[in-house]
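> Letter by letter, the chains look like this.
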Amino acid sequence: MNANDHRGGLLRLSKYSRDYYGGGLMLLVGAGAIYKGFDYQVGTLTRMGPGYFPVAVGVVLAVMGALIALGARRQSPATAKTKTHSRPEWRGWICIILANIAFVVLGRYGGLVPATFAVVFIAALGDRQNSIKSALLLALSMVIVSVAVFAWALQLQFPLIRWG
Amino acid sequence: MEQSLIDLWHGFGVALAPNNLWWSFFGVLVGNLIGVLPGMGALSAISILLPLTYGLHAVPAILMLAGIFYGSQYGGAIGAILLNLPCHPPHAVTCLDGYPLTKQGRGGAALGITMMSSFFAASVGILVMIFASPVLVGIAFKFGPAELFSIMLLGLLAGGTMSRGSPTKGVAMTCLGLLAGVVGTDVNSGTPRFTFGFIELSDRLELVALALGVFGIADFLHNVNKVESAGGGVKVRLRDMRPSKSEMKQAFWPMVRGTLVGTLFGAMPGTGPTITTFISYAIEKKISKTPERFGHGAIEGVASPEASSHSKTQVDFIPTMSLGIPGDAVMALLLGALLIQGIQPGPQLITEHADLFWGLIASFWIGNVLLLLLNVPLIGVWVKILRVPYRLMYPAAMFFIAVGVYSTNNSLFEVGEVLVFGIIGAVLIALDFPVAPILLGYVLGPNVEENFRRALLLSHGDMTVFVDRPISAAFVALCALLVLGQVGFWLRKKLRSRGKEDSSSREENAPADAATDP
Numbered sequence: 039m040n041a042n043d044h045r046g047g048l049l050r051l052s053k054y055s056r057d058y059y060g061g062g063l064m065l066l067v068g069a070g071a072i073y074k075g076f077d078y079q080v081g082t083l084t085r086m087g088p089g090y091f092p093v094a095v096g097v098v099l100a101v102m103g104a105l106i107a108l109g110a111r112r113q114s115p116a117t118a119k120t121k122t123h124s125r126p127e128w129r130g131w132i133c134i135i136l137a138n139i140a141f142v143v144l145g146r147y148g149g150l151v152p153a154t155f156a157v158v159f160i161a162a163l164g165d166r167q168n169s170i171k172s173a174l175l176l177a178l179s180m181v182i183v184s185v186a187v188f189a190w191a192l193q194l195q196f197p198l199i200r201w202g
Numbered sequence: 040m041e042q043s044l045i046d047l048w049h050g051f052g053v054a055l056a057p058n059n060l061w062w063s064f065f066g067v068l069v070g071n072l073i074g075v076l077p078g079m080g081a082l083s084a085i086s087i088l089l090p091l092t093y094g095l096h097a098v099p100a101i102l103m104l105a106g107i108f109y110g111s112q113y114g115g116a117i118g119a120i121l122l123n124l125p126c127h128p129p130h131a132v133t134c135l136d137g138y139p140l141t142k143q144g145r146g147g148a149a150l151g152i153t154m155m156s157s158f159f160a161a162s163v164g165i166l167v168m169i170f171a172s173p174v175l176v177g178i179a180f181k182f183g184p185a186e187l188f189s190i191m192l193l194g195l196l197a198g199g200t201m202s203r204g205s206p207t208k209g210v211a212m213t214c215l216g217l218l219a220g221v222v223g224t225d226v227n228s229g230t231p232r233f234t235f236g237f238i239e240l241s242d243r244l245e246l247v248a249l250a251l252g253v254f255g256i257a258d259f260l261h262n263v264n265k266v267e268s269a270g271g272g273v274k275v276r277l278r279d280m281r282p283s284k285s286e287m288k289q290a291f292w293p294m295v296r297g298t299l300v301g302t303l304f305g306a307m308p309g310t311g312p313t314i315t316t317f318i319s320y321a322i323e324k325k326i327s328k329t330p331e332r333f334g335h336g337a338i339e340g341v342a343s344p345e346a347s348s349h350s351k352t353q354v355d356f357i358p359t360m361s362l363g364i365p366g367d368a369v370m371a372l373l374l375g376a377l378l379i380q381g382i383q384p385g386p387q388l389i390t391e392h393a394d395l396f397w398g399l400i401a402s403f404w405i406g407n408v409l410l411l412l413l414n415v416p417l418i419g420v421w422v423k424i425l426r427v428p429y430r431l432m433y434p435a436a437m438f439f440i441a442v443g444v445y446s447t448n449n450s451l452f453e454v455g456e457v458l459v460f461g462i463i464g465a466v467l468i469a470l471d472f473p474v475a476p477i478l479l480g481y482v483l484g485p486n487v488e489e490n491f492r493r494a495l496l497l498s499h500g501d502m503t504v505f506v507d508r509p510i511s512a513a514f515v516a517l518c519a520l521l522v523l524g525q526v527g528f529w530l531r532k533k534l535r536s537r538g539k540e541d542s543s544s545r546e547e548n549a550p551a552d553a554a555t556d557p
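Chain order of the listed sequences is P and V. Numbers given in the working numbering equal positions in the first sequence, counted from 1, plus 38. Numbers given in the working numbering equal positions in the second sequence, counted from 1, plus 39.
Simulated from the structure, these hints should not be mistaken for lab results. For every residue, glycine included, the Cβ atom is placed at its ideal position computed from N, Cα and C. Among the hints, erroneous ones may be present.
Stated by the list, open to error - One side only, chain P facing chain V, incomplete, derived with CB under 8 Å: (1) L99; (2) P126; (3) G130; (4) K171.
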């Protein structure tokens, strides 16, 4: 089904490596949950401690991870495609991540207006087709929306401008 | 049954109260609007607007959220048919025949048929809901911790294995969600778990942050610079919307059959609407005299899946409201909204919050009529919105996500949580994991743990309690069947691919996908 293909755009890994690393990752997370769970007192079936449930779920997760990774190995890696890497989208990714961080930092030290401006402006720069001017315009119009809708209409508890 | 009708009458009174009606209308309108936007489905729509409901009374709040829900479902169908963009997974099947119809210039008619089948299916679903809920509630009162645990286990298993892609990956994601639900302070002992030293985490992870992270930010990370603008040169006018008589005739029985499939599946917890759409599409193709038309613009292929997903959605409210067990991630989010309002879903909900329950049912009907009325004149507007370029849409959405999460608890820490979940979600999607089960696991997690503990405390650590009690045993048996079925599928696939190894044509599709490939 090609209808869902537009979702898989991040990095086209081959199915083999997707399963192999995905399974491995789940195995690790499961093992981590088991390890941490034992720190919190497991207890007995009748009197379960806080660690019992995380350990149990961790075991299932680790088993699933192992199954996924093993399944990947059995599908003869020789036939797996190796080339299908699409170009990583560093500019977009960094801008989206920075935009979110900027909102947190500026929201803490600057207030709603600078935070809104920053999140929209930086995120917009992540798209190669946006010029500085169009990003600026978009950011400014979102500031107006933000002030009108969230600060004024919804009475959000967030100072518009905060000093220091 | 008579009592149901009286209650329903009362429910209409609640739903038609001006204040409630206004919020319901607002929900439908905004849900429809967001649903049309590419990449935004019911989940993101509800997550974004969830904070709005905190200031509201419980009844208008839940009416509005339900309105957003079916509004965005309607909206999603528009994107699927006109642009081949399934923003909401159940519409993936609608694309198969809807988009070819658009290319043949019958997109308007496909939309019209979609609206009619949705309305018909929703009405049937509502009827079932009215008469089945009290019966189900009677059974639900017999539920103890053991039964609750087993049925939730079934829901989690079904949600994990029946979602898109490999069942092992689905179950792994469900477990990840359960672990995410563990984060915070243990209610029984007060031990902080998985908080990694953050005081902010001792009060559970934030549901909205999790949902917007894995569905919003993760999606932007994938689509930035990849998706240009959703809309091409699509034009739909009002008078194109009227399907011809022969099309109506062709669509009628598929619509009825789709409704039936959706209703049957609705009562099963954990099966999302996606699977029902696949099944109803497969049925239509199977019984059709001209199966070769499917995939090239068969109107039946639009009517039946759309009907099944809408009736499923309506009936899904029964387990969600009366047992507290959501069918899919969207229901899980609605359940979370109820909990935030201080309302505990369960068998007592119908008696204790009769105004809410019956008001909700009545509002479904009103909401569906509103949708019909709204969509006829607004179709032109939706088509225009689809043409808004992605480069303008996602930065604006980033802001809405940030401010939406902030407003849930006035906490910037949670805005940071969104980013973390977004990155995790993007990695998981890249590794081909379905992310929806995470949300299901997260919402059910604390309940599963609590009931598991309680059941075993009552039975003094005797695990047989889950198979000794008949209702619980039935659910455990279903779970076992599900697991065995999956193992069987896997074995059959294995054997088949071994036979085909030489011709090196491997089949990678999930069974459900294979059944629908034209």
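> Taking the hints in turn, state whether each one holds.
Cross-check of the supplied hints:
1. L99: 4 Å, holds
2. P126: 11 Å, violated
3. G130: Result: holds, 3 Å to nearest chain V Cβ.
4. K171: With a closest approach of 13 Å, the P:K171 hint is violated.
Taken one by one, the earlier hints fail for this structure at numbers 2, 4, listed in ascending order.
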